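Visitor: Chains A and B supply the protein sequences, listed in that same order. Here my numbering is used: position 247 in the first sequence is 247, and no number is missing along the way. Here my numbering is used: position 292 in the second sequence is 1292, and no number is missing along the way.
Just so you know, the hints here were simulated from the structure itself, not pulled from any lab data. You may find that some hints are simply not true.
If we take Cβ atoms under 7 Å as the criterion, some of the chain A residues that face chain B in the derived model are [stated by the list, open to error]:
#, residue
1, P70
2, A74
3, F88
4, M91
5, T92
6, E95
If you want the footprint, here are the derived chain B segments under chain A, 3+ residues with CB under 8 Å [unchecked claim]:
#, stretch
7, 1045-1053
8, 1162-1176
9, 1194-1204
Remember, it's a predicted structure, so these values are computed and weren't measured experimentally. Note that CB positions come from ideal geometry on N, CA and C, so glycine has one too.
Residue-level listing of the chains:
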Amino acid sequence: MLRLSGIGKRFGGLTALEGISFTVAKGSITGIIGPNGAGKTTLFNVATGIYPPSQGAVLLEGRDISALAPEKRARFGLVRTFQNIELFGKMTVLENVMVGMHTQSKSGIFSCAFRMPWQMSEERRIREKAKEWLLFAGIPELAEVEAGTLSFGKGRLLEIARAMALEPKLLLMDEPAAGLNSKETAELAELIKRIRDLGVTVALVEHDMDLVMDICDALVVLNLGTMLAEGTPREIQDNQAVVTAYLGEE
Amino acid sequence: MKADKIKFLVFCLLVLLAPLPLSGGYLVNVLVFVGINSMLALGLNLLLGYAGQISLGQAAFFGLGAYGSGVLTTQFAMNPWLAMLIVAVCVAAFAFAVGFPVLRLKGHYLAMATLGVGVIAHIAFNETIDLTGGPSGLSGIPYLSIGEFIFDTDLKNYYLVWGFALVMILLSLNLVNSRVGRGLRAIHDSEVAARVMGVDARLMKVQVFALSAFISAIAGSLYCHIMTFISPTSFSFHISIELLTMVVIGGLGSVYGSVLGALLLTMLPEMLRAFEDFDIIVYGLLLVSMTIYLPGGLVRGIPMLFRHLLPKRGSHA
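Use the sequences and the hints to build the structure in full.
Guide: Put into structure tokens, the structure is as follows:
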């Protein structure tokens, strides 16, 4: 689904990422883990086009998308959520999800201003579909609430609903469990599995090891901007280099 | 949805009836300019209040509309309605072209760049004397007319201007509650998230910039035909600041707020005559105190005030 090949990223003299190559298999839940400062979020930013890579290529279903802006990548079915939640705070919850359907609708300035019949029916379709995604994420009762007033946990669910509204092929989640309590984390795990069951490939950066070991099919370990290990959760748990990176040497 | 329609119809009715008790007096003349300023404020509000992109150069588009129509109808004897359309389309195209480089900038840099556009236009109006008459102005601009019916009184101009304003208000209301409006507001709240959701932020910002220029140019054309005389002072930096004040006072991100701001700020100078050129200090004070104490503008502040006052009154009874 997603292939990263020789990704490097430098900020001035600082090398944030170097020689990162791995594949996120179609239909999998792949976890990207590593100590703080390993370059996980930078890797996500490169994958989604927030910044271009200094080296290497990002391939989505074999297509090189390295040079595309985030909005173009969204059209090819790549979407993400953010570590610190980036909601449209002054819009309602439902409107947030409706923005997620931007790529699946096409009314422009003129048809919107003049309320053309096709625009009206498109608007109805978007609204109904957006409500379904709120139901999917388990927050249908919040539809008319202003998104900026949501709790962190609900905000995260909204972010997921909004991302799913894009009907992506690949969903990247940046620390989805950060700031959630254990009950919310358990619900999140179920939600992520349901997302995979819809045929969406998921890649996530996460610190919560219990969550990662529970839901991930494959893991990639980063340390200091380089690849440390790659394998199934069981292989990674037994990997001496990974244990050393996390716990330090004896 | 239905409440919005009723609100708009009530507003139309208010606009329709407003001049009747004034019996064609001086206030009708002021209300003509309220209408023009409402359009200009609306154009800026779509850009600033919804998409979150500032422009300190709106007077340039207003001026280009006015001079475009003025020059085409006086020196080239073009039909005024045709000239209005051609000029508005050209000004929008100009804004579209300028917008691509300028709207890549953010915050203060965007403010400075749009300010630059305004200043350059103002200098051009002053210096292209052969076309515009320079500082001494352009006179002899014809009134607008439909067949034998000539828009030559305040009352006729009132209905002319407000007819245009109401259409623009309706179209803007439709726009902000649609896919495009949601895209604009999303850019305002989080540009990076909007882009990740597939909103082409760069293109959308330029489109709304061009739309605000189109609206401002129409207002400019109407202005020149109503005044029949225009000079560069009507399109200076001062005007851009006044428009900004209208939008902030009325309510950022509110279509009706633009009208409320235009109403207050058009009436205000009449009250500020005593201050002469120092009136800009009053605008400055208004801007600062509004952004600190009432960031939602009057259109949101007034209902809030009522909510605070009414329960108290109830508890006394």
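Visitor: If you take the shortest Cβ to Cβ gap from A/E95 to chain B, is it below 7 Å?
Guide: holds (6 Å)
Visitor: So is the stretch 1162-1176 of chain B in contact with chain A by the C-beta rule, three or more residues under 8 Å, or is the coverage claim wrong?
Guide: n = 4 at 8 Å, threshold three: holds.
Visitor: Under the criterion of a CB-CB separation shorter than 7 Å, is A/T92 in contact with chain B as hinted?
Guide: For A/T92, the interface hint is violated, since the closest Cβ of chain B sits about 10 Å away, which is over 7 Å.
Visitor: Against chain B, is A/A74 within 7 Å by beta-carbon distance?
Guide: Since the shortest Cβ distance to chain B is 3 Å, the answer is holds.
Visitor: Counting residues of the stretch 1045-1053 of chain B that have a beta-carbon nearer than 8 Å to any beta-carbon of chain A, does the count reach 3?
Guide: violated (count 0)
Visitor: Tell me whether the statement that chain A covers the stretch 1194-1204 of chain B is true, taking a Cβ distance below 8 Å and needing three residues at minimum.
Guide: It holds, with 8 qualifying residues against the three required.
Visitor: Closer than 7 Å between Cβ atoms is the bar; does A/M91 clear it against chain B? Give me holds or violated.
Guide: Check passed: Cβ of A/M91 comes within 6 Å of chain B, closer than 7 Å.
Visitor: Mind checking the CB of A/F88 against every CB in chain B and telling me if the closest is under 7 Å?
Guide: holds (4 Å)
Visitor: For the restraint on A/P70, tell me whether the closest CB of chain B is nearer than 7 Å.
Guide: holds (4 Å)
Going down the numbered hints, you'll see the structure goes against 5, 7, while the others check out.
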